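Enquirer: Generate the whole structure from the sequences, applying the supplied hints.
So the sequence shown is residues 1 to 604, counted in the numbering used here.
Worth double-checking, as some hints may not be accurate.
Cross-link-like lysine-lysine pairs, in silico, DSSO-like; alpha carbons within 27 angstroms at most [unchecked claim]:
{"#": "1", "residue 1": "Lys-515", "residue 2": "Lys-320"}
{"#": "2", "residue 1": "Lys-524", "residue 2": "Lys-145"}
{"#": "3", "residue 1": "Lys-387", "residue 2": "Lys-406"}
{"#": "4", "residue 1": "Lys-494", "residue 2": "Lys-480"}
{"#": "5", "residue 1": "Lys-145", "residue 2": "Lys-87"}
{"#": "6", "residue 1": "Lys-519", "residue 2": "Lys-144"}
{"#": "7", "residue 1": "Lys-417", "residue 2": "Lys-406"}
{"#": "8", "residue 1": "Lys-145", "residue 2": "Lys-519"}
{"#": "9", "residue 1": "Lys-190", "residue 2": "Lys-144"}
{"#": "10", "residue 1": "Lys-190", "residue 2": "Lys-171"}
{"#": "11", "residue 1": "Lys-221", "residue 2": "Lys-572"}
{"#": "12", "residue 1": "Lys-421", "residue 2": "Lys-459"}
{"#": "13", "residue 1": "Lys-519", "residue 2": "Lys-560"}
{"#": "14", "residue 1": "Lys-137", "residue 2": "Lys-171"}
{"#": "15", "residue 1": "Lys-93", "residue 2": "Lys-171"}
{"#": "16", "residue 1": "Lys-360", "residue 2": "Lys-337"}
{"#": "17", "residue 1": "Lys-465", "residue 2": "Lys-558"}
{"#": "18", "residue 1": "Lys-387", "residue 2": "Lys-242"}
{"#": "19", "residue 1": "Lys-556", "residue 2": "Lys-465"}
{"#": "20", "residue 1": "Lys-494", "residue 2": "Lys-519"}
{"#": "21", "residue 1": "Lys-494", "residue 2": "Lys-484"}
No wet-lab data here; the hints were simulated from the structure. Here the structure is a predicted model, which means the values were calculated and not measured.
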Amino acid sequence: MALRGPLGLGPGSRGPLDEAEAASEGRETPTLVAAGAVREDDEEDDGRGRGLLRWDGFSAWLHCVCVVGFDLELGQAVEVIYPQHSKLTDKEKTNICYLSFPDSNSGCLGDTQFCFRFRQSSGRRVSLHCLLDQFEKDLPVYLKKDPAYFYGYVYFRQVRDKTLKRGYFQKSLVLISKLPYIHFFHTVLKQIAPEYFEKSEPYLEAACNDVDRWPAPVPGKTLYLPIMGVVMKVRIPTCHDKPGTTQIAQLTQQADTPISVVLPTVHEVDLFRCFCPVFLHSQMLWELVLLGEPLVVMAPSPSESSETVLALVNCISPLKYFSDFRPYFTIHDSEFKEYTTRTQAPPSVILGVTNPFFAKTLQHWPHIIRIGDLKPAGEIPKQVKVKKLKNLKTLDSKPGVYTSYKPYLNRDEEIIKQLQKKRPSEAQSVILRRYFLELTQSFIIPLERYVASLMPLQKSISPWKSPPQLRQFLPEEFMKTLEKTGPQLTSRIKGDWIGLYRHFLKSPNFDGWFKTRRKEMTQKLEALHLEALCNEDLLLWIQKHTEVETVDLVLKLKNKLLQADRERLPVKADTMEKLRTHIDAIILALPEDLQGILLKTGMT
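Expert: Below is the structure:
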């Protein structure tokens with residue numbers, strides 16, 4: 001396997017940017033506004049009175065686009081990286097090369113789409129993309145980008161070609177992004193990849209220019225995204241949406257905007273198609289994912305492995321799966337040794353694999369799902385059985401769930417009866433998604449209720465003292481609440497719910513969920529403290545205190561404003577404005593020499 005440098009992309013292509021050159025030579029770059037910051041002459045107006053740098057629009061959606069080809073002498077190679085200034089380390093390029101092609105045993109003829117996820121190289125300079133960051137707070141937690149990982153969305157073509165030595169044309173078009181919008185990016189690839197394979201680099205450059213003109217990925221807004229003559233209509237969910245609902249406007253056309261594709265979702269996969277071979281065990285798999293148990297999906301192709309892994313991660317929504325997951329994982333992956341070592345217990349991770357070698361390498365893992373070819377929509381395959389791990393010898397072993405795990409909850413026979421009825425795959429997915437949602441909500445509501453009780457009373461918030469602390473989460477105290485306000489209030493499923501909670505409280509998913517909730521509640525306390533300050537008569541306060549104490553107050557208030565801005569505290573705009581007015585009024589009440597100093601003093 002070898003790596004080639006990015007190729008020129010025909011007329012109008014750009015060379016490496018001044019900033020990129022400076023970074024590669026270890027010099028300080030003048031600004032770091034985005035991954036695609038370029039010269040001033042590339043600046044254009046974004047229609048909102050704000051200058052938008054060339055490739056800023058592109059960087060809001062994608063890190064880069066790669067073309068990976070196969071060379072008889074070199075093996076898999078990155079042939080094109082676009083835009084050309086995009087930065088990828090050698091390790092990242094190597095991962096992309098190997099993850100962009102199916103294993104040779106997969107036998108993927110024709111066109112194949114799949115997804116992978118890989119770790120960003122340590123030491124990489126993080127691009128400060130303010131546009132993206134300001135929208136993060138409105139996203140559901142499970143759609144927030146993970147700064148440590150990239151997604152790769154692949155469109156792979158393998159067709160016979162007698163003119164080539166190898167006898168086959170093999171190439172992948174890969175979109176590299178931080179955004180977990182699986183369905184959206186697969187749809188984009190369906191629109192552009194087939195024509196790219198016919199028309200080559202100039203077509204790719206034109207497609208990237210279209211992406212650069214897209215509006216920012218704002219949650220909650222209906223977005224019209226033109227690409228190569230097609231207009232896609234999408235809506236990114238917000239954290240305020242009711243879970244389980246899809247809020248996409250109907251196919252209504254704006255003037256001069258012929259809409260070709262309406263996407264009902266940006267991130268969801270076909271849940272029923274993926275769970276179809278194992279739906280008898282879907283509740284047990286939900287438990288394994290909830291508890292962050294090590295899980296391997298062995299599949300015949302990257303499409304099936306990646307879809308199934310993503311469906312598993314998706315099944316505990318709206319909870320976020322906080323551990324690592326790899327929709328498609330190969331023996332060449334830079335984390336291969338870390339994840340397959342026998343010297344320690346398997347890590348909390350979900351791996352999707354296709355190479356028969358993994359049947360031997362991972363046979364010590366506690367939970368393995370072996371699936372066959374996924375059937376076309378609407379067909380219900382023969383259901384696989386739960387088998388003992390010792391029966392898994394090779395990847396040729398029969399499909400099944402290989403585990404000795406004993407579920408905490410009794411199986412819900414009602415959902416199995418529903419899913420055995422013949423109906424369209426889309427309808428089955430809706431039923432299964434609603435079932436998982438209700439199961440997750442029944443489980444999480446008692447936790448939410450208990451955590452809300454850890455919040456101090458609003459009357460305990462004093463403007464002249466630091467905000468009060470949250471009470472400590474006490475597992476045994478929480479367990480006592482389950483007797484009266486447990487999941488039995490909302491779920492018909494019986495079983496050892498207490499045992500499931502005890503196991504969950506030790507899992508990475510609880511740790512991630514509680515840290516998120518604690519941060520949100522701490523920020524809420526800070527916001528309430530700011531409001532309490534705003535409601536005080538501060539001019540009356542300074543009359544009773546010394547100049548030194550007044551100056552100290554001004555500096556503290558300025559710091560409060562800075563913190564509210566930096567941490568994006570849930571504070572109303574008029575509260576912030578009121579506080580600025582208070583600060584100005586206090587400064588004007590001080591002697592002139594102090595006024596001058598305090599007006600110049602930034603928010604430190």
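Enquirer: Take the hints in turn and mark each one as holding or not.
Expert: Evaluated hints:
{"no.": "1", "hint": "Lys-515 / Lys-320", "verdict": "holds, 12 angstroms"}
{"no.": "2", "hint": "Lys-524 / Lys-145", "verdict": "holds, 23 angstroms"}
{"no.": "3", "hint": "Lys-387 / Lys-406", "verdict": "holds, 12 angstroms"}
{"no.": "4", "hint": "Lys-494 / Lys-480", "verdict": "holds, 18 angstroms"}
{"no.": "5", "hint": "Lys-145 / Lys-87", "verdict": "holds, 19 angstroms"}
{"no.": "6", "hint": "Lys-519 / Lys-144", "verdict": "holds, 15 angstroms"}
{"no.": "7", "hint": "Lys-417 / Lys-406", "verdict": "holds, 22 angstroms"}
{"no.": "8", "hint": "Lys-145 / Lys-519", "verdict": "holds, 17 angstroms"}
{"no.": "9", "hint": "Lys-190 / Lys-144", "verdict": "holds, 25 angstroms"}
{"no.": "10", "hint": "Lys-190 / Lys-171", "verdict": "holds, 15 angstroms"}
{"no.": "11", "hint": "Lys-221 / Lys-572", "verdict": "holds, 21 angstroms"}
{"no.": "12", "hint": "Lys-421 / Lys-459", "verdict": "violated, 55 angstroms"}
{"no.": "13", "hint": "Lys-519 / Lys-560", "verdict": "holds, 17 angstroms"}
{"no.": "14", "hint": "Lys-137 / Lys-171", "verdict": "violated, 38 angstroms"}
{"no.": "15", "hint": "Lys-93 / Lys-171", "verdict": "holds, 15 angstroms"}
{"no.": "16", "hint": "Lys-360 / Lys-337", "verdict": "holds, 14 angstroms"}
{"no.": "17", "hint": "Lys-465 / Lys-558", "verdict": "holds, 16 angstroms"}
{"no.": "18", "hint": "Lys-387 / Lys-242", "verdict": "violated, 38 angstroms"}
{"no.": "19", "hint": "Lys-556 / Lys-465", "verdict": "holds, 12 angstroms"}
{"no.": "20", "hint": "Lys-494 / Lys-519", "verdict": "violated, 33 angstroms"}
{"no.": "21", "hint": "Lys-494 / Lys-484", "verdict": "holds, 15 angstroms"}
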